[in-house]
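Enquirer: Below are the chains, spelled out letter by letter.
Protein chains: 2
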Amino acid sequence: MQPWETLDEEEVFAARPFLRVVRQRVRLPDGAEIDDFYQVKLRSFGMVIPVQEDGRVRMLEQYKHGPGRAGLSFPAGFIDPGEAPDVGAARELMEETGLAPDRLIKLGCYVDNGNQRGCEGHYFLGLGCREVAAPDDGDLEEMRQVVLTVAEVDAALKAGQFNVSHDVAGWGQARVLYPEVFGA
Amino acid sequence: MQPWETLDEEEVFAARPFLRVVRQRVRLPDGAEIDDFYQVKLRSFGMVIPVQEDGRVRMLEQYKHGPGRAGLSFPAGFIDPGEAPDVGAARELMEETGLAPDRLIKLGCYVDNGNQRGCEGHYFLGLGCREVAAPDDGDLEEMRQVVLTVAEVDAALKAGQFNVSHDVAGWGQARVLYPEVFGA
Numbered sequence: 469m470q471p472w473e474t475l476d477e478e479e480v481f482a483a484r485p486f487l488r489v490v491r492q493r494v495r496l497p498d499g500a501e502i503d504d505f506y507q508v509k510l511r512s513f514g515m516v517i518p519v520q521e522d523g524r525v526r527m528l529e530q531y532k533h534g535p536g537r538a539g540l541s542f543p544a545g546f547i548d549p550g551e552a553p554d555v556g557a558a559r560e561l562m563e564e565t566g567l568a569p570d571r572l573i574k575l576g577c578y579v580d581n582g583n584q585r586g587c588e589g590h591y592f593l594g595l596g597c598r599e600v601a602a603p604d605d606g607d608l609e610e611m612r613q614v615v616l617t618v619a620e621v622d623a624a625l626k627a628g629q630f631n632v633s634h635d636v637a638g639w640g641q642a643r644v645l646y647p648e649v650f651g652a
Numbered sequence: 469m470q471p472w473e474t475l476d477e478e479e480v481f482a483a484r485p486f487l488r489v490v491r492q493r494v495r496l497p498d499g500a501e502i503d504d505f506y507q508v509k510l511r512s513f514g515m516v517i518p519v520q521e522d523g524r525v526r527m528l529e530q531y532k533h534g535p536g537r538a539g540l541s542f543p544a545g546f547i548d549p550g551e552a553p554d555v556g557a558a559r560e561l562m563e564e565t566g567l568a569p570d571r572l573i574k575l576g577c578y579v580d581n582g583n584q585r586g587c588e589g590h591y592f593l594g595l596g597c598r599e600v601a602a603p604d605d606g607d608l609e610e611m612r613q614v615v616l617t618v619a620e621v622d623a624a625l626k627a628g629q630f631n632v633s634h635d636v637a638g639w640g641q642a643r644v645l646y647p648e649v650f651g652a
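As they're listed, the protein sequences go chains A and B. Offset between the first sequence (1-based) and the working numbering: plus 468. Offset between the second sequence (1-based) and the working numbering: plus 468.
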């Protein structure tokens, strides 16, 4: 499984700090060259699946303009330049929910899209989360705090109340990798 | 949870058929207006989590240029214009693996990104998959067929062999919503 070689890269659109698009000229392992392979560069984010001390899960209900409708999501936000992913994820958790985790466990890091990349997401599991402040997010969206049992989160996923693949990926990782936390 | 209102939309970059970027002027529920909210429009895809008749799961090992490394993924590909998502997902499954499912069950539909949208992904669970043809994908990437037990897929996820949030979301949905298939 040899990697492709990037021979050249040109920025073809930019709207900083939101997004950039670059066009790459790439060489495949068989020697073939493609002169218009596009990569979309979005800011990295950190997400926390926050489990409270009582075992219930904190989520947010909010309208998001990407899907164009309201739904359930986990606390998440952009990582600041130079900020470590776990620090950024914990900061966003605090800003959006007022929760501080007793333990923050790294789940994984994934890009949005196999071809066009998009953003890089850093996923964490927050255990023993306690409310230490009032939420103060400064986000554009109004949001509502929601506290759900594990079975209720599963039911919400099944009922189509998730809208964004990040939230599905976050919950899926946590559920699959930590059966001792979420039950089997 | 009122939706935002899109007042105006202008295409600011296009590289058809791969991607388009539009700049929207939007009005928030509190009346505030934002004149530079960007949406990235990528082609919709269909993905199948294919479970063979023997209960094992088919995956693909391939290099993908988005993450820039090789890893494990599920069969997936772009849905053709006018094609139904389940038809496109089954077609891609056949092209990439030669598998035909006995039953194709809809899992969910999600956008990549809460803010910038990206592509829309249609996720399916394929049960009773049988090999009825040789793979004939025509994709740019060389790929290797991989057959794994459920525990081996979980272990691969834990070991960082997934690179793209779509694959994590696909596996997570299937595992959480169908414990009768995958075990608890």
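Treat the hints with care, as some may be off.
You can't tell identical chains apart in this list, so a pair holds if it fits in one copy or across any two.
What the hints assert, rightly or not - Here are the simulated lysine-lysine pairs, DSS-like style, with alpha carbons at most 27 Å apart:
no.: 1; residue 1: 509; residue 2: 574
no.: 2; residue 1: 626; residue 2: 574
no.: 3; residue 1: 509; residue 2: 626
Read the hints as simulated data drawn from the structure, not as lab findings.
Enquirer: Would you mind marking each hint as holding or not holding in the structure?
Expert: Status of the hints after comparison with the structure:
For the homomeric pair residue 509 and residue 574, the shortest alpha-carbon distance inside one copy (23 Å) is at most 27 Å, but the shortest distance between copies (30 Å) is not. Taking identical chains as interchangeable, the C-alpha atoms of residue 626 and residue 574 lie at most 27 Å apart whether they share a chain (25 Å) or sit on different chains (11 Å). For the homomeric pair residue 509 and residue 626, the shortest alpha-carbon distance between copies (26 Å) is at most 27 Å, but the shortest distance inside one copy (31 Å) is not.
Figure legend: structure checked against the earlier numbered hints; every hint is met.
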